[in-house]
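Colleague: Below, each chain spelled out in residue letters.
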Amino acid sequence: MSAVTRLLIAALGGEGGGVLSGWVVAAAQAQGHAVQATSVPGVAQRTGATTYYVEIGKRDKKGAAPVFALMPVEGGVDVVVASELLEAARMVERGFVTPDRTFLLASTHRVLTVPEKSARGDGTANADTMMRSLEKCSKERFLFDMAETRQQVGTIVNSVMLGAMAGLELLPISKENYLEAMQGTAGSAANLRGFEAGFAIATGEREAPQAGDPKRAPRPMAADPLAARVAGMPEGARDVVRIGVGRLIDYQDVDYARLYLDRLQPFMESGPLLRELARHLAVRMSYEDIIRVAQLKVRPERFSRIRSEIGIDGTEPFEVVDFFKPGIPELADLLPPALGRRLLAWAARAPEKRGYNIGMKVKTTSISGFLRVWLLARMRFWRRRTLRFAEEQAQIEGWLKLVERAQARDPALAREVADLARIVKGYGDTHRRAVTTYRDLVERVVDPALSGDGTGKGVARRLKEEISQVLATH
Amino acid sequence: MERSFSEEIKLLSAGKGEVFRGEGILAITKGLLQSGVSYVGGYQGAPVSHLLDVLVSAKSYMEELGVHVEACSNEASAAAMLGASQVYPMRGAVTWKSIVGTNVASDALSHLASGGVKGGALIIIGEDYGEGSSIIQERSLAVALKSSMWLVDPRPNLTSMVDMVEHGFALSEASNTPVMMQLRIRACHVQGEFVARDNVKPKIGGIHKLAEPAAFSYDRLAHPPSTFVHEHAKVSDRRPAAQDYIRKHKLNEVFKGTRNAPLGLILQGGLYNTVMRQLCELGLADDYGNSALDLLVLNVTNPLVGDEIEDFCRGKDAVLVIEEGTPEFLEQQILKIVTRAKLKIEVCGKDFLPEAGEYNGQVVAKGVAAFLGAHKKKGLALAGAGRHVKKVEEALAIGAKALGGPVLPRPPGFCTGCPERPVFGAIKLAERDLGKVHVSSDIGCHSFATFAPFSLGNSIMGYGMSLASMAAVAPTQQRRSIAVMGDGGFWHNGLQSGVMSNLFNKGDGVLVIMQNGYTSATGQQDHMSSAHFAPVVGDKLDADIETTLKAVGVKWLRTVRTYSVEKMVHTLKQALTTAEKGLKVIIADGECMLVRQRGIKAERARLLKEGSRAEQEKFGVDDEVCVNDHPCVRLSGCPSLTTKPNPDPLRSEPVAHVNQDCVACGLCGEMAHAAVLCPSFYRAKRIYNPGKLETMVHRLRQTVISSLSKVAA
Ligand code: SF4
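Line by line, the protein sequences are chains A and B. Quick note on my numbering: the first sequence kicks off at 1 and runs consecutively. Quick note on my numbering: the second sequence kicks off at 1 and runs consecutively.
Derived by calculation from the structure, the hints in this document are not laboratory data. There may be inaccurate statements among the hints.
Computed footprint of chain B on chain A, listed as stretches where at least three residues anywhere in the stretch have a Cβ under 8 Å from a Cβ of chain B [unchecked claim]:
1) 87–93
2) 128–141
3) 247–256
4) 275–288
5) 309–318
C-beta: ideal position from N, C-alpha, C; glycine also.
Extracted from the complex, chain B is given alone in its bound form:
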């Protein structure tokens, strides 16, 4: 069952003067088309998944424009794709989640940045940093700095973001350098509006194909001795060219303060709205962006333009650099600039603001207030500032006091009926008999197993990395170890980094591959073996994990339906204890429940609409049979399997309860059997529009049963 993006696709075709209303990342996508890109690629991941999802499903419109769209198999292949712009004067954009995606891409990125580009090359990175982030907290600026790529960090409103897409391409072309554009999570998901321009068909693309390949040019190759030339060109030609462009087109913005105070703020573009709001709260700005202080907003954070900084700082006593993340690259560079210019100014930054963590409103308010407090004499009324900071602190204190203790966390978890949940229940059961084993986790939905009630997983080392990260663990353990990997991770990286390395080194250990058919954690994108579950849809490949593993030489290979808990436990125990040496792979097979339910619900709705027979199942717990011990919950954690107050007047503890959201995946029944839990569970089936015969049989049964019941009473 495919998701539909028809609304989004309509938005993308908006023409000149129309008002585009929608999400930030979609606005960026529109910006790409307005810039005449020839190709777009990338690898999915929050918060930028939407960009690719929409473009991939807008296939026919993309063909019409002559834009090539590629759902790359990982970020490295996406980065390498930009090689097209290195050789040909065409614009291209790729996207991924950063910092992780940038890390995966960095080999290709270095080569790309060394040779430089002819056509504009834009990398849209979802800076997954701060609240809501699902990854390690690092900044992408470091990568831009070390490879001499430019980094755009636009003010987070749709107009600025889209404008910066178009400037990003031009900047890239003007300086022969790939440009990264970083968008924080909330900027990607911001709902706003901008006035659209027409989409532009690329000069080179699916419609206008090149007759001849590029002429051979060794200079462009990221290969010695060219690389030595590139290293110099980066600083002597490309950077000055970029700085010229930035200066000329005023990509960085200066907002003059209303009060002529000799103080100023220098901030990353992405932080502009947070800072403005806090200035307003502190009594130093109005709601519409008119600030008492001078502001220099860096929409481009690499390279900095020295004379812009100098100009801004000249005549001021102090500036505060508001720069999120560590280390303080911008602050250091600014210090260098003002020192070289011999300006008498105090450059502040991380001395007033925290070194690490997201710069949210509270943090910014405190930092700015402290900075102003330390430079009081400059004649700005600060009473309001003090009040605001105090109010923020009080708000937290009041809540904490009223609650008397921390509120229970509610981390994300497996969906109702998820096919991966049973596997972790099975691992728990196998461990009950064999003892605890080292479990090497991976990135994907299955990493939710690190939360209660499973709390399984000794390490997480990256996407597709679980097996590789076990290489030195397995040989040192008396019991065999388990690596868990998703099929998404398998195709992304796990096959090479994990499986091949293990086979090549004649490693041991157990690899469990969650075959749910999609890269589910990022929003159910298709991958190489998605056809496994939906063979009829579209033009999917029919690559198959089992065949692939056999081809590379895996000998011990079992495929087990995830919901067959007993069989899974048995297979796990076998894999963990067999005398056979070498890698043992269990493919845990079960389609992503979100995708499956979309199909099932639509089908049921269709049947009901036409008055045909349809079924709906759910599990239940007999609350009189349940003895409120809850081992079922400890082996499942399904959102639908919960507890409710005990209806028995003689008992006080809550009984297990299956709520209405149950999709009858079957786990509850399987687990009751596999773990020999209790006889409380039942499966009930409702039958809509039953046939005549069916109704008759049912009546007959009911008559017999009710007369028997009378005997029992």
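So here's chain A without its partners, still in its complex pose:
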């Protein structure tokens, strides 16, 4: 056994990794060990990935400390503590977590990198692969969601990490000495809470936070006039269709939901396609026009969500300001088709008018602000007469036709054509660009495949790739 225990802390700038390594140093000193810590903070302190390296050693007979190294070496780290999943994976990648030696204490939550969150679709790195790599490459491990823990007790993550290190007895340091080391640092009460939470989770006295289901239960329906028809849907799609029906009744009315079911009718026999189609169709039919946005913004559930987000109960005063910026296209959307088109044509002739927007900051917790949005939400009755409605329905019909034709040729292609719905999203300019991309893909890939006489196989793959490419763009 080496006389030196080697600890590597991986964290993000701003998480207090430096303070954490300071605590370890002080605690190790109090324990009578020789200790040394180093780091390379540099500009990485600004939200980038960074590491801190600590060595704790026994003194020799003459009381001399070992010669400490200033940086970790691959395959030579005893304990790795990481504040986030990707950073833990980075330690694996760099060879600091090895099956013959390393105890890995890491948080399982993610802080997304910029490319992950700026993709048009889902750019998040595969968490399962990362989790598996942690399990495979560490000798022993303790993994839990430290971000949730620290949120629960209201502190920063470093104290939770220290508590867990103490609870797991990763270093030859007593709990008392850890606690002693934390005294006198700013915010010591909160630190203590974090430490105790981490400690208790590590020793099994407290349950580690469990990831909840991110999906929200659909809004309860007042009445369910279409229940019988939904019940008649194939089992594999029924739950989704039920949600879709509820969504569209809420969005418009029962007739509109009936239209939804009618539109699904031709696909009753299509197996897994039906489920996907039901999902996409409900989303497309509940497209976000001003009326819908207003409806969502004045909901009591929304306000209670915001309240819990800022941590207050039902009685405390709070304020919400919403940011709207309708322009000429949004106005045209609301007009009858002929009028709306005339307005757009007029705006198109004078490009500078395209930039006409009214930036509005509406305080929706005030009566007048709320009223304005509430009145807009009441315009549901008018929706069927608007230009946007006409356009959306035509597009939806066109898309469903394509899916149907594809289905007749090749189910794989049909699934991809259904999936095209994913790229038609966004507001304003982004939406208009998305529609253009959609049209382009249909013209370039789908149409030729459906009119030619070859099979769809290669086309399905190509379409899938093109869709994921569109969604991966930053």
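Fit chain B with the ligand to the known structure of chain A by using the hints.
Modeller: Positioned in the frame of chain A, the structure of chain B with the ligand alone reads:
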């Protein structure tokens, strides 16, 4: 809101026999005071910022000691400051980040080194090289060599480092030569301990002032014909004197090997701990520094002492020179020494070690193992060495295999709520309408714009150099170009090198100056115009960028709040398209958020403690309204603006989400407007300890709203 360094200042006043426990760079600072310095100066930059920060805020203690502290406006002025030691027998030290700072300082350094010094002159350079470095990878040894300044590269433990500070001054005095002391990043940040000595009040200083200036002495002036004499003195007098001192005080250390093998290692002091650890791993040393091989540790890498090298090499078959960086100056010199001495020895170095890059444990292990493998016959058991090298390689392979592909990088970026982020969003929006333009970047936080999601910046040529580096670009572009500069860079160098040169040459182009009030990237030091944001604190100057620019003749000048994105876009477009010729300057005004938040948080804590009314705001995204397209992220990249799994059972792609760290800088709302993004964003305000009336009004509103909501349902 000032940062507090009271803990550090307490450490600095530790007396004889007390154990100093703290960071390397602070230990060095303590070493300066123990050496009786008369003055300390420098320019901030990682990894040495702390030295100056602490001394500047230890003002009253410094006055007590009679030590003058100067926060210089750049490294050139810091180097010139050492001129005091050229003329007077007093000790002085300056510090900066190297290689960049050394480059800026080199004019003054050459003059200083030519004339030589009377009092000890020490330059503490933070050798920002290797992992964690933020600058170009060059070594400072080259500068020391060409100017004949001595370079100290101590073993990276606090005791050695502090001892070498004191020796550094003495060496400087013994040889009339300025001494550079290089500390690598990790050495600056190493936490360790040493036994303190008393601080020494300088013989000449704030307390003991000189009655008369120095007598006129042309010999000292770096001016011909003295310069010709200096050139010779450097090699004939000063270098031998330095070598005598180094030899006499055993600044370089020989560690005798336990196995009497005819092999040896010669290494830079700064690499000692890395090499020792690897010897231990290879089975050639214990944990406490007892090595099987002979070691010559060069704590001074310029000048080398010929006979020390000769003595070490005599009787050996081969030595390995472990020298980080390129070219291999030490290896070449050692070769020359042994050749002249006609020793029969093989001098190895970069033939077993890589030519470029940091010498970390892995690199050293491989190099040493290869060197020993090639000289096997000398009877050292090498089985352990092979195992260790293999283990290191395997560790990397296992990780790579388990992950199946590279882990996403996470470079540093703008802080949450940073005032500079909106400006780059605005440039992106302006480019959307006008087309891409050449963007000349600079050094500072704003260079983070070269990362995603902005990926803006065609060149980086040095601190304060963006406008100057655009001089030949702008005239060749159909669209106007933009140079971005921080206020730190503006005062450091940008005003002269960029603005004045542009005006003098009647240049064109757009200069955006990020006025955040501090040199933020190096840790929020004050500069000439810091008073712009914090006019009441301390004794700051009230210099002002706008006035300065007007005074030198800038005609087209706008100041725009950074967060006003629409206005910024408009102003940028104007600047890029106006028919008016000449330099167009936009001052992008917004205080560093780190500094601002320190103030805001403290104030809120105070209000809450006394039970008074306080507010806290945050932005949010309505996850039902968000259609998971994320253009907001592509225009911001704020760490707080992220995504989360979609709560809608019908949708699969993640929705935008503002997390709890949001400081409500306002950008999200401004951007939603300026880019006409979406109606998903809201700003929510929590009110602590509300007044009675406020609560009543709120209740009334809530009653009306909830009855309206019922109608809606
Ligand atoms: S308002 Fe937006 S940009 Fe500003 S701090 Fe909050 S999330 Fe970041």
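Colleague: Indicate, hint by hint, whether the structure satisfies it.
Modeller: Checked hints:
Requiring three or more residues with a Cβ within less than 8 Å of a Cβ of chain B, the coverage given for the region 87–93 of chain A holds, as 5 such residues are present. With 6 residues bearing a CB less than 8 Å from a CB of chain B, the region 128–141 of chain A meets the requirement of three and the coverage assertion stands. A count of 1 residues in the region 247–256 of chain A with a Cβ less than 8 Å from any Cβ of chain B is obtained; the coverage claim is therefore unmet, three being the minimum. Counting residues of the region 275–288 of chain A whose CB falls under 8 Å from any CB of chain B gives 4; the rule of at least 3 is met.
Only when three residues or more bring their CB closer than 8 Å to a CB of chain B does the claim for the region 309–318 of chain A stand; here the count is 8, and the claim holds.
The structure fails hint 3 only (numbered hints given earlier).
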